[in-house]
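Model the full assembly from the supplied sequences, consistent with the hints where possible.
Numbered by this note's numbering, the letters in the sequence shown go through residues -4 to 277 in order.
Incorrect hints may appear among the rest.
Stated by the list, open to error - The list that follows gives simulated cross-link-like pairs (lysine to aspartate or glutamate, EDC-like), each with its CA atoms no further than 20 Å apart:
1. K152 <-> D110
2. K62 <-> D52
3. K149 <-> D110
4. K230 <-> E29
5. K62 <-> D72
6. K183 <-> D205
7. K183 <-> E162
8. K62 <-> D93
9. K230 <-> E200
10. K230 <-> E195
11. K62 <-> E90
12. K149 <-> D124
13. K194 <-> E162
14. K131 <-> D72
15. K89 <-> E55
16. K149 <-> D119
17. K97 <-> D86
18. K89 <-> E65
19. K230 <-> D253
20. K131 <-> D99
21. K230 <-> E196
22. K125 <-> E83
23. K249 <-> D205
24. K194 <-> E128
25. K97 <-> E83
26. K1 <-> D134
27. K89 <-> E59
28. K157 <-> E121
Unchecked claim - Label-pair ranges, simulated between beta-carbon atoms:
29. S94 <-> V228: 23 to 33 Å
30. E59 <-> V251: 40 to 50 Å
31. E113 <-> G252: 19 to 29 Å
32. E200 <-> K97: 26 to 36 Å
33. K62 <-> T181: 27 to 37 Å
34. D93 <-> T(-1): 19 to 29 Å
35. Y115 <-> E263: 17 to 27 Å
36. I69 <-> Y209: 34 to 44 Å
37. N185 <-> D253: 35 to 45 Å
38. K89 <-> R51: 19 to 29 Å
39. T255 <-> E154: 13 to 23 Å
Because the hints were derived from the structure by calculation, they are not lab data. All of these numbers come straight from a predicted model, not from anything done at the bench. Glycine included, every Cβ here is placed at the ideal spot set by N, Cα and C.
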Amino acid sequence: MNDTTKILTIQDISCYGQCSITVALPVVSAFGIETAVLPSAVLSTHTSGFTGYTVRDLTEDLPEIRKHWESEGIYFDAIYTGFIASMEQLDYIKEIIDSRLKPDGCVFVDPAMADHGEFYNGFDQEFADKMGELCKLGDYILPNTTEACYILHKPWKEEFTKEEMLEMANELSAFTKRYVILKGDTHKENQLGMVVLDKEESTCEFVYNDRVDYVSHGTGDVFASSFVGSVMVGKSPTSAAKVAGEFTKKAIEKTVGDETHTYGVKFEQAIPELYDLLNQVE
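Here it is in structure tokens:
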């Protein structure tokens, strides 16, 4: 990373609720990286646990923003995508990657569309197939097991064996330029893990952290954002996965016990510990 490293993150703004851009912007910025945002939509709240929320789709704004950036000569060292509001946006994002990413830049795709065996509201298999095409532009893809199963047209289940996780990661290698970070390995008791596959080097590693018995919206965004930041400051993908896993666990631990805080995790309170994690993980 240099002093002028710039990342663009493309995902929604949920005005209330800790997810998407309201996680990505502060977390990636905490690594000392200049972080620009391109909202895919603006929601009054996120869609988990709230009813009657408002949604402003910004699909038609994306190409106009790209054109303005082109006129200003604005480029990015990395592009990180998260929650995308429509299939049409996926095509616009491809144009942004082609136009605004530096020649030696990298792309991170978090295919945020499903979890726990179900699509998020408004998504379907057609969207997943289109998301799979976007993943092919990614140097790094970060699906959970549900998203992976939809991309691969495989049935999802609550538990996958280590061998099944490896098989799925290998199948996902067709949907990335290089790295697969497959989240959701639960075969070790009291631990949560992920597979880190490098198809260029033909290597595959498992990374684990202690599991906290707590489910919350936004933890995938906390993980992805801290993974992106870790890679951009020079950590290997395996080390970045370790940092991101531990940072996400700490954010969850800050939240457990607060029954009024049901809409996300208190990642802000864990940010001071992020620097220690970066120093501890080789």
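Checked hints:
1. K152 <-> D110: 11 Å, holds
2. K62 <-> D52: 19 Å, holds
3. K149 <-> D110: With Cα atoms ~14 Å apart, K149 and D110 stay inside 20 Å; holds.
4. K230 <-> E29: Satisfied, since the Cα-Cα distance of roughly 18 Å is no more than 20 Å.
5. K62 <-> D72: 18 Å, holds
6. K183 <-> D205: 10 Å, holds
7. K183 <-> E162: 17 Å, holds
8. K62 <-> D93: 12 Å, holds
9. K230 <-> E200: With Cα atoms ~15 Å apart, K230 and E200 stay inside 20 Å; holds.
10. K230 <-> E195: Holds, at roughly 17 Å.
11. K62 <-> E90: 10 Å, holds
12. K149 <-> D124: 12 Å, holds
13. K194 <-> E162: 13 Å, holds
14. K131 <-> D72: At roughly 18 Å apart (the allowed maximum being 20 Å), D72 and K131 satisfy the hint.
15. K89 <-> E55: 15 Å, holds
16. K149 <-> D119: This hinted pair holds, its Cα atoms lying about 14 Å apart.
17. K97 <-> D86: 19 Å, holds
18. K89 <-> E65: Judged against 20 Å, a Cα distance of about 15 Å means the pair holds.
19. K230 <-> D253: The hint is violated at about 33 Å.
20. K131 <-> D99: 17 Å, holds
21. K230 <-> E196: Within the cut-off at roughly 17 Å; holds.
22. K125 <-> E83: 10 Å, holds
23. K249 <-> D205: 15 Å, holds
24. K194 <-> E128: Given that 20 Å is the threshold and the Cα spacing comes to 18 Å, the pair holds.
25. K97 <-> E83: 24 Å, violated
26. K1 <-> D134: Holds, at about 17 Å.
27. K89 <-> E59: Distance ~14 Å between K89 and E59 Cα, so the pair holds.
28. K157 <-> E121: Judged against 20 Å, a Cα distance of about 29 Å means the pair is violated.
29. S94 <-> V228: 23 to 33 Å: Given about 26 Å between the Cβ atoms, the range holds.
30. E59 <-> V251: 40 to 50 Å: About 43 Å separates the Cβ atoms of E59 and V251, which means 40 to 50 Å holds.
31. E113 <-> G252: 19 to 29 Å: 28 Å, holds
32. E200 <-> K97: 26 to 36 Å: 29 Å, holds
33. K62 <-> T181: 27 to 37 Å: Violated - the Cβ-Cβ distance for K62 and T181, about 45 Å, lies outside 27 to 37 Å.
34. D93 <-> T(-1): 19 to 29 Å: 22 Å, holds
35. Y115 <-> E263: 17 to 27 Å: 24 Å, holds
36. I69 <-> Y209: 34 to 44 Å: 40 Å, holds
37. N185 <-> D253: 35 to 45 Å: 22 Å, violated
38. K89 <-> R51: 19 to 29 Å: 23 Å, holds
39. T255 <-> E154: 13 to 23 Å: 32 Å, violated
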